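K.L.:
Sequence:
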Amino acid sequence: MKIFDTLSVAEKELDTSNKVRIYLCGVTVYDDSHIGHARTIIVFDTLRRFLESQGIKVEFIQNFTDVDDKIINRARVENTSADKISSKYIASYFEEFDNLNVIHADRYPKATEHIEDMINLIKVLIEKNFAYVSTNGVYFSVSRFQKYGKLSKKKIHELVSGARVEIDETKKDPLDFALWKFANDEPRWESPWGLGRPGWHIECSAMSLKYLGPNFEIHGGGRDLIFPHHENEIAQSESYSGENFAKIWMHIGMVTINGEKMSKSLGNTKSVDFVLKKWGSNVIRLFCLSGHYSKPIDYSEDLLRETITKWRQVENCYYELVLSGDGSASIEDVKFMEDIVEEARKEFTEALNSDFNTPFAVNAFFKIVKAANQIASSERLVSSISNIALPVFNQILDILGLKISQVTLEVKTKINELINRRNLLRNQKNFQGADIIRKEISDLGIVLIDHRKKTLWIKQEKIGAENS
RNA sequence: GGUGAGGUGGCAGAGCGGCUAUGCGUUCGCCUGCAAAGCGAAUCUAUAGGGGUUCGAAUCCCUUCCUCACCUCCA
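So for the first sequence, the numbering used here puts the first residue at 10; every next one is plus one.
Keep in mind the hints are simulated off the structure, nothing from the lab. Computed from a prediction, not measured in an experiment: that's the story for all the values here. Among these hints, one or two may not hold up.
To be verified - Distance condition first, Cα-Cα at most 30 Å in a straight line; then the derived BS3-like pairs of lysine-lysine: (1) Lys79 <-> Lys190; (2) Lys304 <-> Lys286; (3) Lys256 <-> Lys28; (4) Lys304 <-> Lys344; (5) Lys304 <-> Lys164.
Please take these sequences and the hints and turn them into a complete structure.
P.N.:
What follows is the structure in structure tokens.
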């Protein structure tokens with residue numbers, strides 16, 4: 010599999026001969042997650058599902074930043090502790106991302122639980138003369154790391170001339186960044202240099218080195234983390250280990266709204282909670298995968314509505330496949346379905362192997378949907394044909410993390426009974442009576458499709474946007 | 001100002017030297033008791049502008065213009 014690497018600015022072959030180790034920069038837990046966070050996490054979740062579907066072992070680590078000025082400020086405003094704030098948002102993180110059908114990472118290390126590791130890392134950096142103690146904290150000496158800027162393609166002298174670097178007299182160089190910040194207030198920890206808190210960047214170095222070693226396969230995150238966060242991680246980790254850090258840097262494009270980046274500071278975010286209620290996880294996942302991961306994607310209601318239409322086609326197809334009855338299939342139909350399924354399966358895999366081209370892969374998936382619906386429309390879809398399509402259909406659904414709404418056995422029985430009653434009334438041309446039953450069925454969340462000879466039912470997911 | 005990524009039909013979005021995807025939308029039909037869904041057909045020959053290279057370019061090169069992101073915290 011090839012993945013575009015931000016560092017080498019080229020596609021690189023992912024080494025899948027052993028376990029694929031992935032470290033994803035997660036969220037800072039001081040507020041609700043939004044669709045921007047969700048996109049990054051959904052992309053990585055899908056990547057992980059894909060690799061595993063190929064029989065590749067994956068070790069997936071995603072951190073929580075649970076010590077940070079924003080958390081502390083928030084705690085102050087709400088008159089509570091930083092710890093309470095972070096636990097609250099970690100809890101809601103899991104609730105929301107479980108609803109987005111995101112598989113849990115192998116570990117979710119928290120910064121506050123790795124203070125020791127960070128201190129040890131900083132010790133070595135000081136020993137190796139890459140860091141120094143100052144009046145406000147411990148700083149990394151950027152000028153000591155020759156390759157600083159290699160990820161973000163920035164030149165040190167250009168950064169200095171940029172006026173946005175914070176001015177701090179106690180630093181040797183304005184570019185130096187904090188590894189440890191002395192603090193008088195909680196939360197704070199003991200360290201050889203004094204009471205304080207870790208800097209943001211050091212936590213990801215410490216936790217990724219600890220769990221995945223000095224050089225692992227993929228390090229990921231949103232594009233906006235390239236500088237300074239990932240640049241600084243490289244500086245710290247490589248200075249510490251003397252080895253090259255992550256082999257592939259995979260960065261996810263921003264979610265925009267009206268063409269502008271969605272962010273807390275601009276106040277234009279759509280929370281995961283909100284979008285889940287409005288669109289549901291299937292539509293959101295399909296939407297997030299409808300564009301290439303590296304490019305921006307615009308949160309647009311029109312596009313999300315379009316995605317609902319697509320999702321309805323998938324649901325329709327699924328129930329056609331699952332509820333198809335016995336009967337004889339024509340050789341042509343069997344051949345047609347076999348060819349389509351094989352082609353779609355191949356294209357799907359090839360697309361994802363080629364820099365994780367999800368839009369093309371999703372496209373391939375819809376070939377199966379289209380073909381099944383096509384055969385079904387003339388009532389030639391019998392179980393022997395469906396059985397050709399279903400394994401691949403289900404596997405792709407699983408890789409994409411999509412879930413079809415199901416009904417219980419009792420409801421199933423009830424639906425069939427109602428359908429029979431309705432069809433009886435239709436035969437008697439009692440359409441009013443038939444429509445009453447149709448309404449009754451639709452109240453169960455079921456949509457009926459009258460084919461010539463039989464009536465198909467579909468359990469449709471309830472989608473908030475459609476009921477308003 | 002620097003750096004990076006881009007500019008493809010009404011919209012979304014692949015392709016990245018020849019065969020000009022695909023989906024949504026729109027129009028008309030089929031099906032239906034009526035719907036809905038589905039199917040079929042039609043619509044749309046698009047590749048920011050200008051130069052080049054080539055038998056041939058959306059795809060390569062040069063150039064102009066435009067958009068976004070990063071250069072402060074950010075997924």
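K.L.:
Hint by hint, note whether the structure agrees.
P.N.:
Right, here's what the structure says about each hint:
1. Lys79 <-> Lys190: holds, 15 Å
2. Lys304 <-> Lys286: Answer holds: lysine 304 to lysine 286 is near 26 Å, not above 30 Å.
3. Lys256 <-> Lys28: It holds: about 13 Å lies between the C-alpha atoms, which stays within 30 Å.
4. Lys304 <-> Lys344: Outside the cut-off at roughly 38 Å; violated.
5. Lys304 <-> Lys164: Status holds; Cα separation ~25 Å.
The earlier numbered hint that this structure contradicts is number 4, and it is the only one.
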